[in-house]
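Combine the two chains into a complex, taking the hints into account.
These protein sequence lines map, in sequence, to chains L and P. Counting in my numbering, the first sequence runs from 1 upward without gaps. Counting in my numbering, the second sequence runs from 1 upward without gaps.
Be careful, since some hints might not be right.
[Stated by the list, open to error] For lysine to aspartate or glutamate, the following EDC-like pairs were computed, each having C-alpha atoms within a straight-line distance of at most 16 Å:
id : chain 1 : residue 1 : chain 2 : residue 2
1  : L       : K118      : P       : E876
2  : L       : K261      : P       : E876
3  : L       : K117      : P       : E313
[Stated by the list, open to error] Rough simulated footprint, nothing fancy, chain L against chain P, three-plus residues with beta-carbon under 8 Å:
id : stretch
4  : 378-385
5  : 892-901
[Claimed, not checked] Distance ranges between label pairs, derived from CB positions:
id : chain 1 : residue 1 : chain 2 : residue 2 : range
6  : L       : H105      : P       : I497      : 31 to 41 Å
7  : P       : L591      : L       : L372      : 30 to 40 Å
8  : L       : K243      : P       : L585      : 27 to 37 Å
9  : L       : S70       : P       : L591      : 51 to 61 Å
No wet-lab data here; the hints were simulated from the structure. Glycine included, each C-beta is placed from N, C-alpha and C at the ideal position.
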Amino acid sequence: MDNLDKLIQEHLIRKAQQKTRRHFIKNCAQGIGGLALGSIFSGCDPLTNQKGKTGTPFTERDLNPLAVLSPPFNPKIKSVIYLHMAGAPSQLEMFDHKPVLHKLHGQDCPQSLLEGKKFAFIKGTPKLMGPQAEFTREGEAGNWISNYLPHFKKVIDDVAFLKAVHTDQFNHGPAQLFMHTGSARLGRPSIGAWATYGLGSENQNLPGFVVLTSGGKTPDAGKSVWGSGFLPSVYQGVQCRSKGDPVLYIEDPEGISRNLKKSTIDAINKINKEEYLKYADPEILARINQYEMAYRMQIAVPEVMNIASEPENIKQMYGVEPGKESFANNCLLARKLVEDGVRFVQLFDWGWDSHGTEHSTAIDLGLRNKCLEIDRPITALILDLKQRGLLDETLIVWGGEFGRTPMQENRGNKKMGYKGRDHHGDAFTMWMAGGGIKGGASHGQTDDIGFSGIEGRVSVHDVHATILHLLGFDHEQFTFEFQGRPFRLTDVEGEVIHEILA
Amino acid sequence: MKKKALTGTIVIAALLVVVLLYDNFKPKEEVDFSADIKPILNTHCISCHGGVKKNAGFSLLFEKEALGDTKSGKPAIIPGDASASDLIRRIKEDDPELRMPYEKAKLSKNEIDLLTRWVNQGAKWGDHWAYSLPDKVDVPPVNLEAGFASSPGPDFLKNDIDNFILTRMEDKQLSPNVQAEKNVLARRLALDITGLPPGESLFREFITQNLSYEVFVDSLLAQKSYGEKWASWWLDMARYSDTKGYEKDQGRSIYHYRDWVIRALNNNMPFDQFTIEQLAGDLLPEPTVDQYIATAFHRNTMNNDEGGTEDEEYRMAAVIDRVNTTFEVWQSTTIGCVQCHSHPYDPFKNEEYYQLMAFFNNSRDEDIPSEAPVLKFYSPDQKKKVDQINNWITQNGNPSLAKQYANFMSYTEPVNNAHDFVNFKNGSYDDHAALNLWDDGSCQLKDLNTKGGTTLFLKYNSGYNGTVLTFKQSSSEGKILARINIDKTQKSSILKIPFGKVEESFDLFVETNNDRVAKNANVISLYWIAVMPDLPGKANPGYGEINDILLEVLNAETPTVPIMIENPDYRKRTTQVFERGNWLLKGDTVLPATPQLLNPWDDKWSKDRLGLSKWLISKQNPLTARTIVNRVWHQIFGRGLVATIEDIGSQSDPPSHPALLDWLALRFMNEHNWSIKSLIKEIVMSGTYGQSSESTTDNYLADIKNEYYARGPRLRLSAEQIRDQALAVSGLLSKKMYGPGVMPPQPENVWQTVYSGAQWIESVGEDRYRRAIYTYLKRTSPYPSYITFDAGSREVCTIRRTVTNTPLQALVMLNDPVYMEAAYNLATIMDDENIEKGIAKGYKRALMATATADKLDTLLELYEVALEEFTTRPEEMESFIYFDKQPNAKKAALTVVANAIMNLDEFLTKA
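Isolated chain P, as found in the complex (with noise of 0.2 Å):
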């Protein structure tokens, strides 16, 4: 082997010394625009020439601009004439004043050299790699007797990945480790792939050999736990969590949509449906109750409920948060920049983020504190009804009209919401809610089309008897379209009066009469009201019965998840661009597109999300599937192909392996039909995942990030991985799935939120114990340990949790109550009358390996002194496991060891 390597040293050397001599003498070769000279401009021109300022009307950005005449009427490039050309006539100045770039240090020789040439050829522009793929990506032959250094024997070439790895390792002059060890790899695997620590017997089968390694992984790919896992990476992107944020930060009842992401991909949902459930659901043909909770991923947007704030505002920022998460998970860009300008960097128009805006900027959600559209979830009886209904307009009726009833029984919209009535006398808009009108109180709302419906309904309530509630075409002096006696209400409540037939839109004028309250009583509060067409068979038997029985479900109180719903053509909104990205200066109007730059738009799909969904899945999309599977290698190997995971684009880093992540994207589309978890597999099968992580210093500094890949990765757990490790190995974790988030132990007072009553309950019985991802997720104050360990808030769509190593780890894993929990029951599983075999056992059952002797003796040590401290001080030891009927000093040293293996560093990191 050592005199391999040494040969293998000396053919390089031979190579290299050619290699020099050649490029002496060789014709300069053609300059590549995104390799040499993109990367120059990003860094040295783009910051004074680029989207944001155009200084001498002199942009780098787009091919146009930077050809086209700049403010001295001629261009500063001059295709073919380096000589000719400002650009580089300013960046060979030899004044200052003069030089470019301007007060900065004087480009490199080679820089200058470059850009020379470039322009000389032509100043050919070109696509940066990220914004093309190509149709097929070669395996590189790899072949074994070549003599190199790193020839790795069969043990490191598992499959494809491995020739691409050790392609580029031999390019730096690395090999590959050996395999790690089986029990390092159970516990690799199962922890990369459930998150928890492997259970036993299937530990054991894998050991003895029963197992073969890839029946191992399909095991645990099989598992329900993996949903739960790999969930947590997709909820950080779809910024889930259990509250709306903002000043209130009041609960918000979307676990539906986490339980379906845990679901989805434990049924291996291809990545593609994945895709379309999310954006579009409810605009498949016919969406099912699941296609509709998919669609919550857009709802996880925060609600602002804080007095004073302004509905539209907030809803735009909703909006506005919808094209940049959609843009940072499926095509890591952060379009967010192109709102007030050109991108800095990337090709993307100002415009062009309007354009992507206006296929989210149709959707009914007006944030109101109700989270309107919420879709229903009603209970067997009253589905009953719900059905009842449905039949009944379905004999009496037509199809569309059933369904537009079957829909504002699902999800109660169209409506048109309180806050956008205007011109109050004696009422106004109550923040947030309702309106408010008084007696002879009165307001409008514009432009009303109820496509000539005659059934009105409104949402309201009331605190007194005998109010006149009249609406009219136009003004005061308009026509009566309904008219209706108000009574005190015991809460808000869903009416339905006939309306007058109005065909064309027009001006709803509503006014209030009771002059038996006082002047400024609030006669009513009204929510919203939607015309609708009659219900059906009005003159047929059984009618009444269901008016009520309609009114009834309308008014039925259940469980509802908050839905996207979109706005009826008639009702569409128009999107305008904001001024330098302010929302009250719009600007021109814009349609529905997706950036020119990237693939091109199919006219057989509709401009709506829909579309833009298969626009995203398409296989012409160059980013879609690079993004997914640069960031399923970073889950796995804490780095991305590309490694700013967030960033795929000219300003990212290039990838350290650019052909592997082509033929990862395109198998993942081609060969696994977009299987995440085949995916995952073909990664967790690879020789390259499979090295050992150790390493010794010489060869840890030869590459200390790990880029090319010569050892097995070595990362601390994840938030969640922390608890759910700590209960599993001390037996307390609870299997429950799904439903509400629950509340394990958190000191008191850690809830401050101003105007919410809402309080941390700690749970009782298994869901104390239950998976990390089930914990509450308060966006204003998330569960205190989770983020000490990096987990964030989920204001924001989060692509990557930034891994820290600080004290306040420590204190958590060392006087947190919840691990003392754990460790107190790991105790009582390592008592046994031989301490050591005991504490070994403790070990082995945390860590999956068996303690060295040293680790052992140490251990022991701190049994010892733990046990000595106890047994002279029983009152200490039985202030420490007060929870315990009989305390005794052991079973209390116990603890104190098994704390201690919970805080080892092997024991809060993937070896």
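In isolation and in its complexed conformation, chain L is listed as follows (with noise of 0.2 Å):
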């Protein structure tokens, strides 16, 4: 796990080999069509080479909606990488510390609290349960963390926590729409697609907001939790798969050699060629453009998708198990491309919804194994960024969609058979780890039961907020004019957290 000479090692034999791969592309893009686009911006045509009158209007957005542009305020980071842990995680069992909790186990949760207040299964009077797990104090801040995450306390002076954040929503599909796009409804960009949006993509031969999945489901609220609302749909996550093609149709069909592609998108690009001269439509040369991108994507995304080859103990520091769907799978590829400079990192883990209806959802057995999955990934990501100098440029954001009730649940008014936690959005944790974080904050702090936010409530708009000030906008004036009037991440909310901020 600590084995820090070979993760430098390892570090280094990857940059060159990533200056090799740099190198064929870029000779393969030549190689390609060999159409200097470029030109287009100075003025001239780029197939008459005639310079126009008045040079053209056309920005390099208009070829490339991915090309880079440089955020208003000075970035902090240049990526980020956000896990979310779908179906809600118990903070009353990893950060949130509850000794008082623990005293009122198994006593009628105070008529008080539950006064005007709506749950999605729990019926009449529940009852409080204590926290299932041990917390210590750990590292130099001394933040609390439990021993459902052994291996978490190495980074956790990496980690600012945010202990009192809220939501409106308690129900998955519309949570987890609220928490990624800003709005319980549908209809909204998501972050990440506001993130690439603003700021294009570093390497153009992946995509620049990138989505992996585990736990065997995607998440309650479908696609549109990275989708590109109404902005344009090439902002959008690409979800990348460990099973089948990494990304839809990346893979040429069998008996297709790489060769014959090249000469396929050869003739198709010199046709194109022969119709922009027709029309000059600069449409035409964008689709060159993207003939070209998708070839080299081809290479790209398959390459950055394999962990097979990356070396034995990064293997085992993840936990990872290649040719599976896994977290730790994820995990490591997260840093692979943001490594490679992918703008946009989405990780969904499935599978955090404890109800106590069965073993997998007990608080006490089905949540721990879920922490036990999650722990040694997440720590591995944050060393392994740190090695190669990339936390600093880097954002990790842990949360899930809300927090979970300290009563124990009691679906149909019953006593059910195993432990469980309802939905709850008063106050739940979520933390910040990389580039413009301080590093052992923790901000905010819930009552004695963890039932509400009593000090430093942030809202999801506020940790949006904080979000796009890291990647150096300022979320009030970053908008998307539709349907006539600006749209922006925050609505009409937000405040940037500098609590958390270095």
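In structure tokens:
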């Protein structure tokens, strides 16, 4: 686990490999098509080589919607890795230490807490349930952490906790949409789409916004949580899969060699160039560009998605299982992706809905297993990024769509076979680590039983404002005109959470 | 020609000088509020002084507020006196602390001058152009001999549209392009009208002059494929999909609605009728089955089956979606903003939103998993039984009773759903489906009005024998109204029992007893109850049989489609304003009404969805006809006359051709009698449409967006057209119409929805090759290649698809097995002893054009490379066309070439 020498060595080899690969791609880009798109920006018609009278008004974006743009303010980070535990993990067994709740275990929940509240499944008067995990203070900052996460203490000083996040949604679908698009209703762009729209992609051979899922299911809210909403669809997340084609249709049909594919694209682009001369429509140039990019993606994507070629110690560090769909694999992939310049990597891990209806959703059983599944890979991800000097330019965000109740769930007004907690949006924990983040910080506090935030409450919009801030945007100014008005990720709310910024 | 152009320029230059001189001496003309003032206010002021924020008590949204007292105690605008008006003083202020707009750059000199003049001229408020429609628009004359630069010749001027277009072109000193070649026009017309390339014989007849342009257009409009093409456009707005959406995203059987749209378009149903039937078909007198199906337009809203969600919250979400969609579809207005506050830019008031909501808040659907109300489609045998019962009631009862029962058999309403029951003892409302009671269980339904009915229908199931189910008035002590013994059931079923007569509203008390089961066992799951008048003719012979048949019919499982049904009057919901859009904070009660700003309400209209639809298609409504002509224009030219096709209002782009927009709108209503086919025909018959889309860099740069139409449209095809065209040119396309969604090949593991066992089961036979409109559309996981080509997931109303150009599109066309199969089949058609001839044939078939020598060379070269590779490596060839029984290198190489043809920009584009 802590074999640093090996890690550093691996890093150097990796850098060398990357150089070779970039070299190759550059060459092949010239080999194919060979059209100098750059020339159009200087006011030259790329085909006739004649300078237009006034220069062309096209921007690089007109031909390549993923061209890099600089943010208006000084960015602290280049990329984001967002780890979403779909189903909503219990803060009370992971980060929010509540000894008083332990003492009150088994008592009826006070009526005053229930009045005017809505729960998804809790009926009547439920009983309070003490934490099912044990907590210790760890790291120099001495933040609390439970024994469900045995490795995480190694990186706890890199992390800033938000202990009193709140949301007004208490069903998975709408809450996930809210967490990722700033609205519980469909139709808004996701954070990753906003980031990619605002900044473009550093690597033109990979999608700018990549989504990786684990746990056997996609999120409850479906693909809209990485959708582009009213932004052009090119900014939506591209789901990269561990089984089948990593990106849909990325593999050549069987029997088509790379060489033949290159000849095919050459022919297509040659004819398209002839079309351009006839129509002068820059969309044709953009298409030529996209076909070249597609060819390069066919090499770059399977390569970046292949974790088998990683050194053994790295695989061990994350606990990966090549060929399977796992959260550990996805963490390692996330590192590879940001290393290669992907702007936004979104991980969804399904299976955190600990209602206590069965073994896998019991707070003391299934939840513990889920924690063990993520503990090692997340710790490895932070350490690995750090070793490579990438943690400073990457933001890691961890959280669910809401938290869970201090009360034990009593679905159907009955005592249930396993220990479970219901959905709860009043107070839950999220954390961030990486560039611009004050490691070891802990912001916000909940009441004695972890029911509500009593200090440092932050909203989902605040979290979004903070992510955009780190990327170099003022969330109030970063807008897109749609249906006659400017829209923004944070709607009309949101404040940057300065307390966790370095 | 050149000389003329030069003369034209000189004339214009001379005119310009005159105009400039005149400008200096003319009296200061009146400032126009809509054209000059409103844009300044919207850009600089209204975000702080508008519908959302009213800083310092000052708002510029409505006249009354703008001229009224502010927090300072006096108005900020004194009409006629700019020097006394704070508004003017503050914009001229030098101190940045005091100057408006606050913390922003000072307004320009011209803007300040305009505002000052406007106040001095009396600060007259004006209607925005979008909210009034002129009675008549004259076609601008075009003088062919005028000697202007753009003198077009008779080639361009084909109908009145061209006069409008040419006039604006002259303003911009542009001139029309030449007309496109016939083969190009044939492909353009066919793709625009039918979504497919033209059929071979029709194409030949047109090219060889046997068919006139007009007859060619008429033949395309008469094809059934017309309805399939234009239905995609409408279904985006109707948010049609084959699933319910949200977390579980289970299937929904609503394809009858999709088929209704295709048929209505093909039958050229006038748009006014098209509107009424979809918004209020159920409220028409004696609605037909088709009119009921049409109302599924507003049943395309999502239905949330996620565990733990509140049905009422999602019922409200659906109602809100209906209000928003109706206004987006018919009025080009984003009314959704007004849900929380008065519109930030457009003069719609907060309460007006809820007045509109009141029209939609009275339908029976309540976000339950069964999606009730659903219209049942009885088989002919079942239909005979339904008729038998209807006859019995007509003979033994009265027409109103007959209607009540007929409706109950067709859509099982009105019922009281399980989620309305409260006060549970030993039981609970089981999430989303039924209420469950245990032994000694009870619950209540508040304020039930049975209208004195004495027959109770209930839908239930049970896993136990021997439960006594009792219905009482008010409480456990109340009068027993009905009692029955419930035994174990195979599946949920509908029962009918006598019920005690109660005339007034009362609380219904339900209790269960079964002391032979475990304490927490659910002895009954109850889905709904309905109290009705008795089936008449009890004393007459045959009653028993009719009674049995009635239950048989009610319990019959049939295909269904969700429909709109209104609550009976005595169960009407009240609608209240939601404070700041929060459905839990209810404010003042409102009644149905339409926004004051728009056309007046006619008192002879009923205050329901039917009245609302009549208001929308009133010839006084300034937005409906404009909205439709603008969007049809957009479908054809890729750009609306108002470019923001989702928004025609004070925040929209101004129309590029205001007079043409109005002329088309008036003509659509008055001359074409709302015929969409006539509208399309008029547009495609114009010389504007017929222009070539070829251009030069200079010409292209002169009007990048083609806002002035000095060239023909050149647009990437839609996701649907791309699939359909590939299947058509390769000869695979099935002509089969209608029916449940089909599942053409898609990669494995694309569907991974939580809590849903639904699977993508690849269609076999011709269903694999149906048009894209029939592809099963799952909201949380739409067909991947369509999404890549910018089709939406239809979760909410989509007015416009953003057209993108991405590498993922290239990957679909190059690698998707669907397109490979199409390429292989096109290659079969190309197979010719003379390869060059074969390739030329393939190109022509795909693109309706003869390949240039250069293109042919390029494709031939690709063929040679592929042939060489497949000949030297036969195993590659065999795995490439593995489905071919006698694979050979030539066929494989031709498949590569066919695939390249289908990847050409010109194939993916309508030029």
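To see whether the hints hold, each was checked on the structure:
no.	hint	result
1	L/K118 - P/E876	62 Å, violated
2	L/K261 - P/E876	13 Å, holds
3	L/K117 - P/E313	15 Å, holds
4	378-385	violated (count 0)
5	892-901	holds (count 4)
6	L/H105 - P/I497: 31 to 41 Å	48 Å, violated
7	P/L591 - L/L372: 30 to 40 Å	59 Å, violated
8	L/K243 - P/L585: 27 to 37 Å	47 Å, violated
9	L/S70 - P/L591: 51 to 61 Å	54 Å, holds
The structure does not agree with the numbered hints 1, 4, 6, 7 and 8 stated previously, though it agrees with the rest.
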